[in-house]
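Protein chains in written order, with this note's numbering: chain X, 2 to 475; chain F, 4 to 182; chain G, 516 to 1608; chain L, 393 to 614.
The set of hints was computed from the structure by calculation and includes no laboratory data.
Backbone N, C-alpha and C fix where the C-beta goes; we use that ideal spot for every residue, glycine too.
Hints are supplied without guarantee of correctness; some may be wrong.
[Stated by the list, open to error] Derived coverage of chain X by chain L (criterion: at least 3 residues anywhere in the stretch with Cβ under 8 Å from a Cβ of chain L; other residues may be distant):
| id | stretch |
| --- | --- |
| 1 | 68–75 |
| 2 | 155–169 |
[Unchecked claim] Straight-line distance between alpha carbons at most 20 Å, and here's what the computed EDC-like set of lysine to aspartate or glutamate pairs gives:
| id | chain 1 | residue 1 | chain 2 | residue 2 |
| --- | --- | --- | --- | --- |
| 3 | L | Lys602 | G | Glu1296 |
| 4 | L | Lys596 | G | Glu1298 |
| 5 | L | Lys602 | G | Glu1298 |
| 6 | F | Lys29 | F | Asp18 |
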Amino acid sequence: MASKSHEGVAVAPPPLELEREPLVHNRRSLGWLSDRISGIVEGKTPLWWWVSFAICLPVAVLCPLMIGYLIVTGVGVWGLNHPVAWGWAIVNFVWWIGIGHAGTLISAILFLLRQKWRTSINRAAEAMTIFAVMCAGIFPAIHVGRIWFAWWLFPLPNSMGPLWPQFRSPLLWDVFAVSTYFTVSLLFWYMGLIPDLATIRDRAKGVVRKFCYGLFALGWTGSNRHWSNYEKAYLILAGLSTPLVLSVHSIVSFDFAVSQLPGWHTTIFPPYFVAGAIFSGFGMVLTLLIPLRTLFKLEDVITVRHIELMCKVTLATGSIVGYAYFMEVFIAWYGGNPYEAYAFQNRALGPFWWAYWIMISCNVICPQLFWFKKIRTNMVYVFVLSIFVNIGMWFERFVIVVTSLHRDFMPANWGDYTPTYVDVLTYVGTIGFFMTLFLLFIRFLPLVAISEVKGVTPAADPHHPAGGSRGEGH
Amino acid sequence: MNGEDLHYGILAEFDTPAATMAAAEKVRDQGYSRWDVHSPFPVHGMDEAMGLKNSQVGWFAFLGGAIGFFGGNLMIWYMNSFDYGLVVGGKPLYSAFSSFPVCYEMTILFAAFGSLFGMLILNRLPRLHHPLLKNRRFAQVTHDKFYVVIECDDPRYDQDDTHALLREAGSRHVELVRD
Amino acid sequence: MSAEASAERTPAAGRRYWRGLEELDDSPEFRRYLEREFPEGAATGDSVSRRDFVRLMSASFLLAGFGLTGCRRPVETIVPFSRLPEGYVHGREQYFATAMPVRRGALPLLAKSADGRPVKLEGNGEHPLATKGTDAFAQAALLDLYDPDRSRKYLRNGTPVTEPEALSALDRLGGELTQRQGEGVRILARHSGSPTRQRLRAELERRWPQAKWHEYEPVGFDRPAAAAAAVFGTPLVPRYRWERAERILSLDCDFLGDEENAALNIKQFAGGRSVAQPGDSMNRLYAVEGLMTLTGSNADHRLRVPTGSVRAVAAALLVEALERIVSVQAASPDRIASLRRLAEQAAFDTAWVAEALGDLAAHRGRSLVVAGYRQPLEVHVLALALNQVLENVGKTVELVPDEQRPAGTISELKNELDAGAVDTLVILGGNPGYDAPAGLDWQATQRRAKRIVRLGYHEDETSGDVAWHVPQTHFLESWGDARTPDGTRVSVQPLIQPLFGGLSELEVIARLIQAGKADAHSLVRATFDAEVGGGEEAWKRFVHDGFLAGSASEPVADPLGFRWGQVFGEISSAASQAAPGSGALEAVFYRDAKMDDGRFNNNGWMQELPDPVTKLTWDNAALLSRLTARELGVENGDVVTLEANGRSITGPVLVQPGLADHTVGLAFGYGRSRTGRIGAFDGQTVGFDVNPLRPGEGGFTVAGVTAAKNGERQVLATTQAHWSMEGRAIVREANLEQFEAKPDFAAHMGLESHGGHLMHDEEGNPAPLYPHPYEERPSLESETHQWGMAIDLNRCVGCSACVVACQSENNVPIVGKEQVAMSREMHWLRIDRYYAGGTDARAGLSGLESDEDYQRQAWIDDPQVVSQPMLCQHCESAPCESVCPVNATVHDHEGLNVMVYNRCVGTRYCSNNCAWKVRRFNFFDYNKRPLERLYEGPLAERPADELELTSMVKNPDVSVRMRGVMEKCTFCVQRIETAKIRQKVAARDSGDIEVPDGAIQTACEQACPADAIVFGNLLGSTESRVKRQKANPRNYAVLGFLDTKPRTTYLAKVRNPNRKMPDYHELPLSTMEYSENMGNPFQDQPAGEGGHH
Amino acid sequence: MSDIFPKWTNRLPLQLIVAGSLLGLAVVAGVTYYFTPKFTRVGYQPAQPVPFSHAVHAGQLGLDCRYCHHGVEKSWYSNVPSASVCMNCHNQVLREDPRLAPVRESFESGKPLAWIQVHKLPDYVYFNHAVHVNRGVSCVECHGSIHEMDEVYHAKPLSMAFCLSCHRNPAEKLRPLERVTDLDWTWSEDKAESRRQQRLEGAKLAHNWKVESLVNCSACHR
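So that you can see chain X by itself, here it is in the shape it has in the complex (with noise of 0.2 Å):
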C-alpha cells in the first residue's frame, strides 16, 4: 500500500502564471502527505509525547480534585465574596471559549472566504476549540452553588408545577448558545475526520485500529456521489458556524453587557468579545502548532506563511480589541455618567491597576510588533508573542470580571478579592486537561486534514499539468 516509492516522485511544474507561493512546500505529492500525516499516528509514540504525557496527565488531575472538594465543601472554598460573585470561573470560562473561537474561524469562516491556506491547520484548530470548550464547559456548570441542581438550567418537563427556567437570563442563553456551539464544532469536527478515518483505516494494519477507525469512518469509500452531498453539508455546516461562533462569544458578552453594572453595561462588547476571542483564539492556535510542526517535522505542511498569516490575523483583531478598549474609555468620559467613567478610572488607577496594564501590554502592544517581518517569521518571537496574547486575554477577562465588581455604584458595598489555591489549582488543572486531550489527539488522530491539504494541491486540480491535465482542458 503506502510505499517509499511516492516520496521522491517530482512533478512537473505549474505554468509561471500559476504561480504562487505554495501551500504546501518542496512539491509533495498526494502519497506523501498520507503518508506523513498518518505516519504520526501510525509510527512510534515519541519519547518527548510520552514525557508531555506524563507531566500533563497528573495536573489534569488537579481539575477532578478540586472541583471534588469544590462539591463537597462549597462555593467559599474559592476568593468569591459579596461585591465580587464571579471570579476566576467566570474568567476561565470567558477565556476558554474565546480560545476555542478560533478554530471554528479558522475552519467555517476562512473556508466560506477560500481561504484555502486553513486546510493545513484547521483540523488542530478545530481539536483546539472542542477541547477549549469542553474547559470552558466546565466552569458555569461548577460555579453554581447547588451543582446536583444544575439541571433546572434545562427545560425538562417536572412536577413542580412545572417550573421551567427563564429564558430572559443571558446565563440561559449561555446554556443553549455553549452547547451548540460545543455540539456543531463536533459534529464539524467529526464530519472533517470521516475522509481521513477512512485513510486510516485504509493503512491499518491491526484488527483493533481497523475496527476503531473502520467504525469512525463509517465505510467512507470517497465515492463522489457521498463527496458531493458531503461537500454541501461541509458547506452548509461552515455556513451555519460562523453565525454561530459570531452569536457565541455575543452571547458570553451579554452575561455581561445585559447586566447593569458600570463596565458591565456597554454596547460595545459584542463585536469587542468576538474581536478579543479571535484574537486569543490565533494566539493559542499559534501556541500549539508552532512546537508541532517541528516535533512533527511539518514545516512542508504547516509553512512560515500559514505562521504569518495566522500573526496577521492577531494582528487586526490585536487592534480592534485595543480600539475597543480606547472606545470603552472614551464613552465612559463622553456619556457622563460618573458611575461609568468611575468605574474605568478604577481599572486603569484602582487597585487593580496592575491587572489593566498587563491586559494593554499584552493584548494592545505586543500584536503591534506583528506590523514587521522579521518577528512574523520568527518562530521563537511568534511563540512567545502568542504566550502574551493568551496571558493578556485571560487578564482582559479578569479586568471586566472583577475590577467591575469589586467597586461597582455604591461605595459601601465596595470590597477586595483575592483568589484561593482552589481557584488556582482549578484553572492550571484545566489547563492539563487540555494539554492531556490535545495529545491524545494528536496521538491518535491526523492532526492535519489530510484529504482537504490533498485537495489544494496541485495535484489535485484535474486542469493542472500536476493533475494530469496535459492542457488541452478548458
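Starting from the known structure of chain X, arrange chains F, G and L on it as the hints suggest.
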C-alpha cells in the same frame, strides 16, 4: 451473464484526477446510471463530469433550522408565558427580543443536525460493510489513486463492454469486484 | 383574658394578642405541660431528652433544611400532647409581655413564642413610653438564652452535683448563715431596678444584720444621680425629656449609643428631627467629645477635644453663661476665676463654645445639657449648673426621687477581703473576675473569702475557686420585675422553663435568707401584693400587659434649692489635668456597642454585628486618630503595646475618623480569658482585654499612656472598607435652610434629575419600552396590597438594632471573623456609614486610592457622618430577577421581590446585577458546619448540643438556608403572609381581606427605636403611614436613575447647623462633594444643562 | 480491510436508532411514573400504633373532623388529637378494648402516643390549614376520602403541581363554608350537574370572598 451475482461491479484505477475525469465523462456519455467515481478528495468538476444534480442536503438543513427557530419560540412562549407566567424584572412574559438568542442557537443546532444527518441519510451512511472495501487494491482510494466503479446492477452493464470502455478510458488496471 | 379576647381589644393591630402566661398558669395542665417540655432529666442537661423536646414541640418542621423529596421517605412520627394544655394551639405563635432588666432599668418587651420556646423579642409599644423599638442588646439577648456554653450544672468546688443536692446544700448554708445573722457575709451584686430585689435586700439586711451589701457595675450610669444629690442635697435622679429639647449639648454623652436607655433616648430625640414640610421645627445637637460616638456622628456641630478636656469645655460654657446670660449671686468673681482656670486647662475653639452657648441661651427652657458616664462628677455638676442657668430644670430635665439605696463598693469589699473579714462571699451575677479594675486583682482577692457562693450565667473568670457555682437563669426563664426609666413597674415574665435548671438572683437571695417560699414567681407576686395590691385581677393584668399603668415616678414638682456653693465646691476640688500629647496619650474606655461590658461576649449575633461607628466585627481595637497613628508610625492592624502606671495591654490599631488626637479609644468586653466558643472563637480570644489598664472603679480615662508598635499585625474584620460616598447622591442631604427653600431637593439630585426626559413621558410618567407584566396580565397583580417601605434618614441614628432584629427574625446565620474579613457577612440589612470631608478637605483625592489609604488622609479628622440602612429595595423592575436562569427570584403579585431558596441553584448573577449589593450568598453551610472548620466540608460536624440549641432560636416561619443559595431581605414575607392569613381566616366568607395598616411590621421597623423605618400597603383603602411618608418631599430612591422603581425609598437627611458657628458649612459636606461633580442642586441650573425641558 | 465488518452490520445503525428510541421512551415514561410524587407518595399507608379507623369515626359515627382536629381552623397545623380527646368517649365506650390499651396508657402516664406521619410537605413549604378550611377548601381536596379509610393512606400526590392545579383555579374547588368538613358533599347527586354547579357557584364564591389565585412563590415559600 454467468456469475454476475457474485460480483458487485467492475473497477478501474486511475492515477490522476484529470484522467479520472475524462473516464467519468465517457462513462456518463455511455448512459450508465449505477456507477461512481472514488477519489481521495473531492475532485473539482467531477459532479458535472458524472452528470450529478445539486445535492439535496440543504433541504434537511433548512428543515432543521425552521424547527429550531419556531420550536424554540414556541417552547419559550409556552414555558414563560402560557404554562407558568411569572413576573420577572418587570419584563414582558414573552418577548421576541429576549427569546431571540436562544431561538437563534436552536436554529443553528437543528440546522447542523439537519445537514450532518441529511448527508448521512442521503449517502446511506454508515455502511460499514461494502464490497469495495474488501478489495485490496481499492484501499489506495484514500491514498492517491482514483477509481471508476460500475455496478453489475446497472441496466447497461455488460462485463466485456464495460471492461473495454474503462480500458479505453485510460485505466491501466481494471478488475471485477466480488460482492 | 383569652387570646381571642385580647385580639378583640386591639383589632387594628392584628398581632397584638400576646397573653400573660399567668392566664394559663393556674391550670395544672399547663404546669405539667411546661414540665413535660423538659421531662425529668432534661433539667440536668440530658441531651437526649432535649432532643425529644425539639421533636415534641416542633413535630419536625423546625429544622428546616432542604431535602429532596420524592423517594419513599423515612418514617416520621407525630407526637401529640397526651393531654393538651388549655388554650394551646400547636403551630400558632403567641406573644407574651415581658421585660429585659438592664442595670437599674428595663426594656419592656413582647416575646414571640413558637411551639413553647421564645423565638423573637420585640419592644412593647403599649408601654407608657411607647417603646415599640428596642436596642441591639435586647434583640441579641434571645440568643444568650440558647447559648450552648451557658452554665448548666451546679458545681461544688468545681464538681457537678445534682440540682436537688445543690438546693438542699444551699438551704443548709442559708440556715447556718441566718443563724449567724449573716456574720462575715458579704454580698456582691450588680445594679438592679427590681422592686423584688430591693425588698429582698431589705429583708436580707433585716435577717442578716451583720452582712453587708456591695454593688459593682463596670459601666455604671450613676453619676447624674450623684451630681443631683450633691447639688440638691437630696437623692434625686435627673430624667431627660429629649422630646422637649430644641437645642441639645452633649458633653461626651453618647445618649444615642452607649448611655443608659439609648433606645428611649433615640426615640425621643429622633422625634425632634423629622421634618415633613418647610416650617417644621427640628432640634439641633451640639456634641463635645473625644471619641467618635454615635451621638457625635449625628451631631449638627461637633467639637473634637480629648475626653479629659471636656471638663474644661463645660467650665468654659458655664463661665460664658454666668458672665453673659445670668448672674448668680453665689458666683463670686474669684469663684468664676477658679472656673476659668479650669476652662483654661485645655485648648479648644472658644468661639465654638461661645456660639453654642448663645444658641442654647436663646432657647432657654427648651435646651438641654447632658454629661456622659465617662466624665467625672464635676462635669455632671457643671452640666446640671448649665441646665439650671438655662432654666431647663423642671422642663427638659426632670428630677425624680432616687429610690436606690446606697451600697458598698467593690473597692471597699476588697479592703474587707484583704483584712480577712469575709467569711462567705455571695456573688450574684456579674463577672468581677473579668471586669473589675485591674488594680483590685479580683481573681486573687476573692480567694481571701473562706467560701464563695457564686451565681453566674457562664462558668467564667469569676468561677475559679468558688465553693458553689449556681447556674443563673435567663430573664426569659424566670420571673422577675423591674422598673423602666420612667419608673413604671414592669413584669419580667418567663416564656420557658429553665433549659438547664438553675436559679435566678431573687431565688438565690430568698433561699439563703430562708424567707419562705423561694420560687421566683411567689417572690415577685409577694412584692406586687405588698407594694401594689389589687389581688389576682390586678396581678393578671400586670402580667398580661407587662407593666403597671400609672406607676411612673412623678418628678419632684417643687424647684429645690440649687446649691451653687456645692457646685463651686466640686469644681475647686477637681484635680488639675494636663491635656494629652504625643508620648503621653489619653486612654478612654467605653462601653462597647456590642459586648456591653463583656456580658454579650459569647453572643454570635453581637460579635458579628458591625460596630455602628467603626464597622468592626469580632474584635475591639485601639482606636487612634490619623495624626496619632502617624506620630506612632502605626497603621490599621499593627499591634501596639499600651502602657500606663506599670501595666500594659496589647491590641491592634484602628484609625478612627473624628477621634481626638492623642486619644486611644478602648472598648470593654473583649479578651475574655474564660468564655465560650464564640468569645474564644476557634480557640482564639476575640479582641483584647482593656481592663488591666483601667485606673480604678468608675474611672474611664487614663492619662500618660505610652504606645509602642510591637511588630505584629492582626487582621481586623470590618464590613465597610470604603468610607467616602465619592460625590454620589446615595445619601442626599441638605441644611434646614435649604430644605425650607427647596423641600424636594432630593428630587433635584442624582443622575435621574439630569436624565429625566429619557425615562418619562411629557406628563412625567415612566415611559418604559414595554408594558409591565402587571399591566400585560392583570391577574398577576394584586388590587388589594402593594407593599412598600420608606426609611427616614433624618430619624435613623445608625444604632443597628434593626440589623440584629433582622438576623433574629430571618434566621440569618453568623459566619465568623475569617468570613467577615472576606466580605461574606450575611446580614440582610446593613447600615452603610459614610464619612464626608467636603471638597476642600478632599482636594487632590481621586477616590481611586486603595481603601487602606484613608487612614492617612487628612479629611477624616473632622468628617460629617451619615448612616443609611440598606436592604433589598424591592425594585418593581428588579434587575436581579431578569438574570436568574431558573426563576428563583421573581416578583409576587403584591410587589415583593421574592427569593425562592428551594429553587435557587446559586449562580450569584442576581448579586452581580444588584446595584445595591444587598443579596447574600451562602458560601458554606453556615448553619450546619462549625464556623471555625468551614473549609473541612463534610468532615466537620457541628457539636450536637450546639446544633440543637442554635436550632431552637430559629424562627420556624422562615426557611433555614443551605449552602449554595442566595438570600436577601424579603420584607419579612413570613409576617406579611401570617397577617394576610389571619385576615383571611377572620374574613371567612366575606371579601374583607385587606390587612389593616400597621398590622404588619417588618422586624427592622419593629425594632427601630427611632421609628425611621415604615412599612405598609401602598394601595390600601385608608391612608397608610407608608403612603404618608412617601408623600414627604424628601422622598427619593437610591440610584433612582437606574429606573428600577424601588419600593424601598428614603427620606433625605436634613442637617440643622447654626450659621454662626465657626464650623458651619454652607452645604452638608457630602452634598458639597456631590455638587463638585453634578452641580449644586440648590442653585437653579442654567437652561440646557441637564434640564432639557 | 472492512471484511471485519460482516454484512449484517449495515443494518445495525437503523436497528440501534429504533432500539435507542424505544429505550429512551421507556426511560422517560418510567421516570415520569415511578419518580414523581404520584407514585412515590400516593398509597403510603403505614401501620399506626393504634388501629384507629376514620371510616368508623368520621364515616359511620359521623363525627366532625374538627372534634379531634380542633386546631385546624386556628393554626398552621391540623393537630393530631391528644389521648385525652380519645378518652372523652372511650372512658365509656369500649372501656376495656385491648386495641385501645396504648391510648389509655398514654392518658394515664402522660407519655404521648407516637403516631406515624402520613402527610408531610417538604420543610420549605409553608402550608396553612386554617386559611384553607376557613375559605371553603374541603379536607377532601388534599386528603381524599379520609372518612372511608380504615387506615389512613396518602391519597393525593401533594406535589407542587398538585397544589398549583388548585391554586391556578381555586373556584373549581370552593364550597360553602359549612360543607368544608362534609367530605361526601357535592353540589348535586348528578356528577355532570355537580361539575356545572361547581363552575358556576365556585366562581361566585371566589368573587364574593375575594379568593385570589395565588400562584406566586411567596404564597408557599418563605
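Q: Starting from L:Lys602, check that the Cα of G:Glu1296 is at most 20 Å away, please.
A: 14 Å, holds
Q.
Hinted pair, alpha-carbon criterion (20 Å max): L:Lys596, G:Glu1298. Please report holds or violated.
A. 18 Å, holds
Q. For the stretch 68–75 of chain X, does the count of residues with a C-beta closer than 8 Å to a C-beta of chain L reach 3?
A. Coverage by chain L is violated here, the residue count being 0 at a Cβ distance below 8 Å.
Q.
Need the status of pair L:Lys602, G:Glu1298: alpha-carbon distance at most 20 Å?
A. Within the cut-off at roughly 10 Å; holds.
Q.
Is the listed coverage of the stretch 155–169 of chain X by chain L valid when you require three or more residues with a beta carbon under 8 Å from a beta carbon of that chain?
A. This one holds; 6 residues, not fewer than the three required, reach chain L with a Cβ under 8 Å.
Q: Starting from F:Lys29, check that the Cα of F:Asp18 is at most 20 Å away, please.
A: With a Cα-Cα distance of about 17 Å, the restraint between F:Lys29 and F:Asp18 holds, given a limit of 20 Å.
Checked against the numbered hints given earlier, this structure breaks only hint 1.
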